[in-house]
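Engineer: Top line first, the protein sequences correspond to chains A and B.
Quick note: to get the working numbering, add 20 to the position in the first sequence (first position is 1).
Quick note: to get the working numbering, add 20 to the position in the second sequence (first position is 1).
It cannot be assumed that every hint is accurate.
As the list makes no split between identical chains, a pair holds if one copy fits it or if it spans any two.
[Said to hold, decoys possible] When the alpha-carbon atoms are kept at most 25 Å apart in a straight line, the in silico SDA-like pairs for lysine to any residue are as follows:
| no. | residue 1 | residue 2 |
| --- | --- | --- |
| 1 | K154 | L116 |
| 2 | K119 | L171 |
| 3 | K119 | C137 |
| 4 | K154 | S82 |
| 5 | K154 | A130 |
| 6 | K154 | A76 |
| 7 | K119 | L183 |
Keep in mind the hints are simulated off the structure, nothing from the lab.
From a predicted model like this one, the values you see are computed outputs, not experimental measurements.
Protein chains: 2
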Amino acid sequence: MSPETPMPNASLNSPAAISPATETAYLHGEIPLTRAMGMEVAAWDGRTVTLTAPLAPNQNHSDTAFGGAISSLGIMAGYCLVHLLLEERRISNRLLIQKSSIDYLRPVDADMTATACLPEEAVLAEFLDLLLRKRRARLALHTQVLCRRMLAATHTGLYVAMLY
Amino acid sequence: MSPETPMPNASLNSPAAISPATETAYLHGEIPLTRAMGMEVAAWDGRTVTLTAPLAPNQNHSDTAFGGAISSLGIMAGYCLVHLLLEERRISNRLLIQKSSIDYLRPVDADMTATACLPEEAVLAEFLDLLLRKRRARLALHTQVLCRRMLAATHTGLYVAMLY
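Just chain A, same shape as in the assembly (with noise of 0.2 Å):
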C-alpha cells in the first residue's frame, strides 16, 4: 500500500513486520540521545510497543531516573508506535510531536519500561484515512511507564504524521 492509493480500512491491511531489533536500530542511528540512554525496542505485535532503559546513563542526583529521560522514553513509545504502524504500511512519513504531557507517579529506581498501544480502530482508522487524504494527521498517544512492574509515570503525547 502506498500514499497513492488510499483505502479506508488502512489499519487492517496485512503490514510487513518489522522487528523490535530493526526499530532500535533506526532510533539508535537517527536519535543519538536514545543511544546514550540506552533505549532499546523490546517488544512489537503490531498493536502494542514496549521500549526499555537501563537506569545508569539515566539518573539523577537521587539514583533515580532523571525527569527529562523518563519523559523521553514516553515519547519514543508515542513516537516507535506511529512510526512502526505507518512504515509497516509502507507508508513513507515524517513524524512530529506537539505536545507532550507526563505526570510522575514515583521514583524509578531500577531499569524503566515504557508501553504504548493504539487507539481503538475507528480512530485509527480516521487517523490513516486523513493522513493519505490531507497528507497530515494528528493523534493522541498514552503510554505507560513502568519500573519494577509497578506504574510509575503516564505520559500523553500529541503525534503529528505527515506523508513524506
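Using the hints provided, position chain B relative to the given structure of chain A.
Structural biologist: Quick look at chain B alone, frame taken from chain A:
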C-alpha cells in the same frame, strides 16, 4: 540562613552566589544525561536562569532537536532555578518533578536555550515559608525554549522541594 531558622522573608535574604560554571559541574556530575546532551548553565542572576544545549547530540531523524531533548532542557531549567534559589540560601533540599508539560511550537534546527524566571515575590515567599514550616512545598515554573531567538517551545513543570 538554615532550615532551623525560618524567616518569613526568606527570599529577600542576601544569598551566597553560585556561578553558572559551578551549577553546570553539579549537573554533569549528578545527571549523566545532561553531559550527553552538552547542557550548560549559561546565566543566572538570582532571578532568571538560562540553560543551553547544542543541536548535534540532541538531534532527531529530521536534523532538528528530538522532542525528548527539548523537554529535558525545559525540565532542567526549572529544576536549576529551584536548586539555585535554595542552595544560595543554604536550604538543604531534595527536588522532584511531579508533572511536566510542553508545547512544541516550531522545529529547533540550531542550538537552543531554555530560560526560567522566579515567580512573583508573593508566590515565592509562600513557597519558601511553606517549605520551611512543613518541610515540603510545590512550585509551578514556566520555561521558554528559544532557537535562533524565536520561541520554539513552552514548558511548565510542577516541582516538589523537600527539606533534606
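Engineer: Would you list, in rising numerical order, the hints stated earlier that this structure does not obey?
Structural biologist: 5, 6
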